Structures are given as C-alpha cells and as structure tokens.
Amino acid sequence: MPKMDMIQALNSALDVMMSRDPDVLVFGEDVGYFGGVFRVTDGLQRKHGLKRCFDTPISEGGIIATAIGMGAYGLRPVAEIQFADYILPAFDQLVSEAARLRYRSGGEFWAPITVRSPYGGGIFGGQTHSQSPEAIFAHVTGLKTVIPSNPYDAKGLLIASIEDDDPVIFLEPKRIYNGPFDGHHDRALKTWAESPGSDVPEGHYTVPLGKAAVVREGREATVLAYGTMVHVAKSGIEESGVDAELIDLRSIVPLDIDTIVASVRKTGRCIILHEASRFGGFGGELSSLVQERCFYHLKSPIGRVAGWDTPYPHAFEWDYFPGPARLAAALKRVMED
Amino acid sequence: MSPQDPIGASSRPPLQLHIPEPPARPGQAPRFDHLPFSPAGAIRRPDPGVAEPEMRDLPYGLIRVLDDEGRAVGPWDPGLDAETLRRGLKVMAQTRAFDDRMFRAQRQGKTSFYMKSTGEEAIGAAQSMMLDRDDMCFPTYRVLSWLWARDYPMLDLVNQIFSNEGDPLKGRQLPILFSARDYGFYSLSGNLGTRFSQAVGWAMASAYRGDTKIALAYVGDGTTAEGDFHEALTFAAVYRAPVILCVTNNQWAISSYAGIAGAESTTFAAKAIAYGLPGLRVDGNDFLAVWAATVWAAERARTNKGATLIEFVTYRAAGHSTSDDPTRYRPAEEAACWPLGDPIERLKTHLIARGEWSAERHTQMEAELADGVRAAVKEGERIGTLGQSKPPVRQMFEDVFKEPDWRVLEQRRELGV
Chain A
1 MPKMDMIQAL NSALDVMMSR DPDVLVFGED VGYFGGVFRV TDGLQRKHGL KRCFDTPISE
61 GGIIATAIGM GAYGLRPVAE IQFADYILPA FDQLVSEAAR LRYRSGGEFW APITVRSPYG
121 GGIFGGQTHS QSPEAIFAHV TGLKTVIPSN PYDAKGLLIA SIEDDDPVIF LEPKRIYNGP
181 FDGHHDRALK TWAESPGSDV PEGHYTVPLG KAAVVREGRE ATVLAYGTMV HVAKSGIEES
241 GVDAELIDLR SIVPLDIDTI VASVRKTGRC IILHEASRFG GFGGELSSLV QERCFYHLKS
301 PIGRVAGWDT PYPHAFEWDY FPGPARLAAA LKRVMED
Chain B
1 MSPQDPIGAS SRPPLQLHIP EPPARPGQAP RFDHLPFSPA GAIRRPDPGV AEPEMRDLPY
61 GLIRVLDDEG RAVGPWDPGL DAETLRRGLK VMAQTRAFDD RMFRAQRQGK TSFYMKSTGE
121 EAIGAAQSMM LDRDDMCFPT YRVLSWLWAR DYPMLDLVNQ IFSNEGDPLK GRQLPILFSA
181 RDYGFYSLSG NLGTRFSQAV GWAMASAYRG DTKIALAYVG DGTTAEGDFH EALTFAAVYR
241 APVILCVTNN QWAISSYAGI AGAESTTFAA KAIAYGLPGL RVDGNDFLAV WAATVWAAER
301 ARTNKGATLI EFVTYRAAGH STSDDPTRYR PAEEAACWPL GDPIERLKTH LIARGEWSAE
361 RHTQMEAELA DGVRAAVKEG ERIGTLGQSK PPVRQMFEDV FKEPDWRVLE QRRELGV
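Heads up: the protein sequence lines correspond to chains A and B, in order. Per the UniProt record's numbering: the first sequence ends with 337, consecutive numbering throughout. Per the UniProt record's numbering: the second sequence ends with 417, consecutive numbering throughout.
Careful, some of the hints might be misleading.
[As the list claims (entries may be wrong)] Pairs of lysine to aspartate or glutamate residues, derived as EDC-like cross-links and limited to a Cα-Cα distance of at most 16 Å, are as follows:
#1 LYS402/B with GLU163/A
#2 LYS402/B with GLU220/A
#3 LYS266/A with ASP319/A
#4 LYS51/A with ASP405/B
#5 LYS211/A with ASP211/B
[Unchecked claim] Covered stretches of chain B (in silico footprint by chain A; criterion: 3 or more residues with CB under 8 Å from a CB of chain A, positions within the stretch not fixed):
#6 180-194
#7 203-216
#8 232-245
#9 358-370
Derived from the structure by calculation, the hints contain no laboratory data. Given the structure is predicted, the values throughout are model-derived calculations rather than measurements. Glycine included, every Cβ here is placed at the ideal spot set by N, Cα and C.
Based on the sequences and whatever the hints tell you, model everything.
Listed below in structure tokens is the structure:
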C-alpha cells in the first residue's frame with residue numbers, strides 16, 4: 001500500500017471521485033492549472049480536463065453560490081476556499097442557502113456540495129491564515145463539519161463527504177499537511193511516511209462521517225480532539241504520565257456521541273482540546289453534552305484547553321497555540337481534583 | 001496657492017455628503033422626469049448573435065412595443081398570435097385576482113403575511129410562457145405569475161399561504177416563499193439576492209453536462225446593491241453561463257426609492273457594460289416587450305453567447321408587503337401616475353384594438369377568475385387557515401439532513417412527536 005502525506009491523500013480522493021463520477025468537479029481560486037496553493041488539486045486539470053477542475057474569480061460568495069446552483073442541478077461540486085479565514089464572504093450562502101435548501105423546499109432541492117478549506121494555525125499565518133471557524137459551522141443546522149487528522153482518514157472522509165447528499169464543510173488542518181505536528185515547534189517535523197495513518201489505498205474507500213476513532217486507550221481520563229490537536233494530544237498525554245484515552249472526533253457534525261459517552265463513563269474525567277479560541281468554541285458544546293450524559297460518572301470538572309480569546313497573533317503564535325504542555329498540565333490538574 | 005500653502009489646501013471647498021432623495025414624498029405631486037423613457041418602437045433590435053460591444057447604447061434606452069394607443073410597433077414586436085396574448089392576459093389577471101384575495105385573507109387574520117405583485121404581472125407571465133418547461137426560474141416573491149402561467153394548482157399555494165396540513169412545504173416557509181421544482185420554480189428565500197448567483201451555477205451545470213436547459217433569475221432594484229448581484233454577473237460573464245439575469249426595477253425597495261440603490265447615476269441595465277454582458281432596459285409593463293427581450297436573451301443563452309442582464313422598468317403599485325403602508329413614504333397617487341401604465345390594461349387595449357378582445361369578455365374573464373380564486377381559497381379554508389390546521393409536527397424534524405442525525409431524533413422524542 002502506498003505511503004501518502006495529507007496532500008497526496010486528498011488529491012487521491014479527488015482524483016478517484018472525478019474518475020468514478022462525471023458529476024464531480026472541482027473549482028476554486030488557483031486550483032486549476034496551478035493545482036492550488038497547497039497543491040491539493042495538483043494535476044487534476046491536466047488529467048481530467050479544464051471543465052472538471054478550473055480556477056474561479058476571487059469571490060468566495062460566488063464560488064459557494066455557484067456550487068449550490070450546480071448541486072441543485074444534480075452535480076456534486078467540490079469547491080475550495082483557499083483559507084478558512086476567507087470563507088466568511090460565503091457565509092450567507094452556506095448558512096442561509098446550502099444548509100436550508102432541503103428543509104425550506106420540503107425536500108424538492110438540496111445542495112450536495114463539499115467545501116474544502118485549509119484551516120488552523122501553526123504556520124505563522126497571522127490573524128488571516130490561522131483561524132479555526134469550525135464551531136461557527138457546527139452551530140448551523142443543516143451543515144456537516146468534517147476535520148481529518150491523518151492521510152488515511154483525510155482520503156476516506158473526503159470521499160464520504162463528496163458522496164454525501166448534504167452540504168459538508170471539510171476543514172483541512174494545514175499544519176499537518178506534511179507531517180503529524182505535535183505542537184513541539186522547536187523540534188524537527190516527523191514525516192507522514194514514518195507515522196501511522198499514512199498507508200493509503202490508491203482506490204476508492206470511505207471513512208464514514210460521524211464515527212470517531214479511539215486513537216489511544218486509557219483508564220484515567222478522556223481527551224477529545226480533532227485535526228492537528230490529535231497529535232498535540234498524543235504528546236501531551238505521554239508527557240503528563242496520565243493514562244488518558246484519546247478520541248479523534250473526525251467529524252463534529254455528525255458527532256459520534258456514543259463513543260464519547262462510553263469513554264467518559266469509563267474514565268470519569270474529560271478534557272477537550274481545540275485550537276479555536278475557547279469562549280463559545282465547540283468545546284463548550286462537547287462539555288455540555290458530556291455533563292448532561294456523564295454527570296454521575298465524573299470525578300472532576302470537565303476541562304477545556306483551547307486557543308486564547310484573542311485574535312490569532314503573529315509574533316505570539318506559540319504563546320497562543322494550545323500545545324502539549326498546556327494539555328499535560330490540565331490532565332495533571334484533573335487528576336488532582 | 002502660495003509658498004505657505006503650495007498645494008492649495010486652504011482654498012478647498014468643504015466636502016458635502018450626498019444622500020439621494022426621491023423626486024416626491026407624500027403630499028407632493030408625483031414626478032418621474034428623473035427616469036429616461038423612449039417612445040415605443042424607438043430602440044433598435046440588434047441580431048442576438050452580435051458581440052456585446054456593438055450594443056452599448058441599449059442599456060440607456062427603453063425597449064417598448066406597445067404604444068400609447070395599444071398598437072404593437074417597432075423591431076421588437078414579437079408578432080404573437082391573439083391566442084397567446086389572451087392567455088397572457090388571463091395569467092396576469094389571475095395573478096392580480098389571487099393577490100387581491102390573499103391580501104384580504106391576511107387582513108382577515110387567515111395568514112401572517114402576503115406580498116402582492118400588482119403592476120408587475122407581465123414579467124413573470126411572459127417569461128414563464130416563453131421559456132421551456134425544463135428551464136429553471138430563480139424567482140423573487142413578486143413573480144407568482146410564473147406559476148399561474150404554468151397552471152400551478154391554486155389550492156397548493158393557498159395551503160402554503162395558510163401553512164396548513166396541505167402545505168407542500170410542510171409549514172416551514174413564510175407565505176409565498178415557495179418552491180415548485182416541477183414547474184421550474186426554484187426555492188425562494190427571504191435572503192435577497194442569494195439565488196441570483198446560484199442561477200449562474202445552475203446554468204453552468206447545464207452547460208457542463210452539455211444539456212440544453214437555461215436559467216432565469218430575478219432580483220429587485222434594491223438587491224442590485226448586494227454582493228450576490230455582482231458575483232452573479234462576474235461568474236456569468238467569466239464562464240459565459242446560459243442564464244438570463246433580470247432586475248425588476250419597480251422603483252421601490254420597501255420605502256427606499258431606486259436612487260438609494262444607485263439609479264440616480266445610471267440605469268440598472270448599464271451595470272452589464274462593465275461585465276461585458278449585454279444589458280437591455282425594457283418596459284416591464286409591456287407584455288410584448290418583456291416577451292421579446294426574453295426571446296432575444298434566450299437565443300443568446302441557447303447558442304452559447306452567454307448571459308444577458310435585463311432591467312425591467314416597472315412600478316410596485318402596492319405596498320412592499322402586508323406589513324407596510326406606502327402612503328407613509330410616497331405620494332398616494334404615484335402609482336396612478338406611473339408613465340408606463342398598467343400591464344393588464346395595456347395588453348387588454350392592444351387586444352381590443354386588434355379586434356381580438358372586448359370589454360365585456362374582459363369583465364366576464366375577471367369574474368370567472370375571481371370565482372376560481374374564491375373556490376380555491378374556500379377549499380384551503382376547509383383544510384384550515386393559519387393556526388387552525390398545520391402539518392404533522394413530526395415533519396418539523398424532517399429534511400434537516402437527508403437522514404436525521406441523533407440530535408434531531410432525540411429532540412423529536414423530547415417533544416413527544
């Protein structure tokens with residue numbers, strides 16, 4: 001089985017789907033001839049033709065509206081928004097249109113679109129190339145939000161998203177495109193080839209939306225994470241010495257509540273880790289769900305480790321980023337409660 | 001200028017902020033001299049195949065076919081037979097009859113909200129009749145005439161307006177924010193303009209597949225200020241999408257006159273020029289002109305010449321909705337003074353002048369249409385008006401996703417349905 005990094009795995013997913021289904025087409029800013037600023041669409045135009053993979057104007061609202069119209073026609077468009085920070089001009093189209101079309105039309109129309117977008121920080125991208133807007137989309141009824149953490153999942157989840165008949169926001173943690181970054185920015189980045197999750201079949205397979213993965217089994221606490229933070233969590237758990245169970249949510253809508261609840265009932269402690277700022281973040285929803293369903297099993301308050309409630313600052317990237325040391329400290333703290 | 005003031009800063013006039021105001025407010029005499037009108041028949045009709053730079057005069061004229069005596073004149077006369085015109089007249093009259101009845105129903109508390117399209121009936125009627133069944137209209141809430149032109153079952157729409165058990169949209173939408181896929185009527189939303197650019201995507205999909213369907217979309221004059229309008233024109237021009245993009249300039253966006261949307265400085269049709277698209281400015285109260293412009297734009301779309309922007313110059317003779325009183329912001333008699341008249345009266349006059357219609361037949365038709373509307377509304381009332389009947393509450397939880405996720409299932413159980 002070939003080894004792939006995240007970029008190759010995502011590219012393979014698009015290639016497989018474009019080969020299988022003539023209704024799948026790919027468009028966005030710089031995705032055509034050039035192959036995308038992160039190279040995810042590299043070679044697709046050359047292989048599948050200009051009409052199947054093409055550049056768009058710098059117009060996120062226009063890109064998503066076009067995708068919705070195409071989806072309503074019967075195609076399965078995959079639109080790229082170059083950075084998740086730039087998705088907001090399309091917010092109305094996503095929230096008021098893509099998410100509601102099936103409901104408001106009584107099932108007459110729907111938008112089976114996939115919106116791919118690199119997201120998250122750790123690349124010195126400053127305020128406008130680092131944000132994690134997943135909670136904003138998770139809050140919107142009618143959208144699915146998917147976040148892979150390794151090449152195998154990235155390909156399987158992207159294929160599942162394209163085949164899904166509902167609109168999917170597919171957020172790609174750009175810090176782990178080339179390797180499983182664990183938050184230790186001062187150390188050399190491991191490559192995917194030497195890491196788990198990089199054996200990726202060449203052909204078609206799916207990783208279903210709404211099924212979390214138990215990345216590490218443990219008895220003393222549960223850590224909920226997704227995207228880059230799965231790798232940060234692995235390091236943080238090891239450094240803490242706490243026997244924590246690590247769950248990679250893989251998609252936050254749909255959310256695998258059963259796996260979460262089973263784990264927290266077993267461990268009695270729960271820490272939620274995400275890069276997005278804490279207040280109103282998705283961790284708040286996770287915390288409520290765990291509290292509602294696991295209250296009598298909890299041995300300590302649920303903890304949240306997240307980005308600070310500031311914009312993502314350029315010079316203070318590593319002060320902002322919720323790295324393994326902060327998770328380790330939180331784990332030790334809940335063990336003392 | 002002086003050595004002490006080498007750039008002349010001290011002699012500059014104070015800057016002035018300009019806020020457009022309509023030519024007349026309540027209590028003042030209506031005026032329309034700010035709008036350029038052309039005589040019927042005066043505007044040339046280029047071959048639909050010619051390149052856009054050859055027709056940059058068109059957005060500043062006004063394409064009209066029916067003159068003041070009701071004659072069809074000039075190169076845009078589509079030469080329609082009397083049967084088609086009588087059908088168009090009936091569709092427009094039915095639209096008005098339905099609007100009048102439903103407006104009263106709202107006043108009687110039978111529903112929450114309604115919007116009339118009085119004065120604008122020609123646009124949806126002619127375009128719906130002219131375009132193919134497979135084409136898709138991305139409507140506004142003022143083109144119900146599109147549905148009547150395709151014999152949409154009136155009771156279904158009444159049920160939607162009453163949000164009762166028979167509502168095809170399962171009680172989820174504000175009255176007339178409708179959807180009727182089989183009638184080429186895309187799902188309406190209260191967010192203005194969002195579907196304008198979706199229509200371009202829909203048209204691009206038809207071209208992508210090599211099909212022959214085209215799209216048509218509407219926005220009002222006010223909504224041209226939304227980003228969606230510009231996104232639609234950009235994508236339509238860039239990808240040469242087979243789409244007809246229409247601005248129904250009815251002079252008013254709730255209480256803001258078209259000048260607030262930019263009409264003080266140019267025409268809406270002229271916005272096409274910067275995108276390299278043809279822009280037609282058309283008398284929207286002239287059934288024949290609407291038809292002719294649509295034929296022209298459809299031919300361009302169907303022959304891969306791309307999109308056309310059409311501004312229909314019309315007048316919103318009623319309020320924006322049941323929620324506003326237009327006499328609070330414009331002269332009460334402004335509608336009656338509108339220089340382009342009433343679309344139903346104008347087509348009626350034309351048919352009578354051709355010897356194909358009479359005042360008696362018209363009166364009889366109106367009575368029959370009113371009877372038809374009354375019967376449908378009665379039938380809807382039997383099922384129930386707003387609050388008396390509603391679709392099963394369980395349906396509230398359907399269609400959020402194709403398959404419900406655990407949240408929806410859990411909450412449905414929590415509500416006990």
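Hints breached by this structure: 2, 3, 4, 5 and 9
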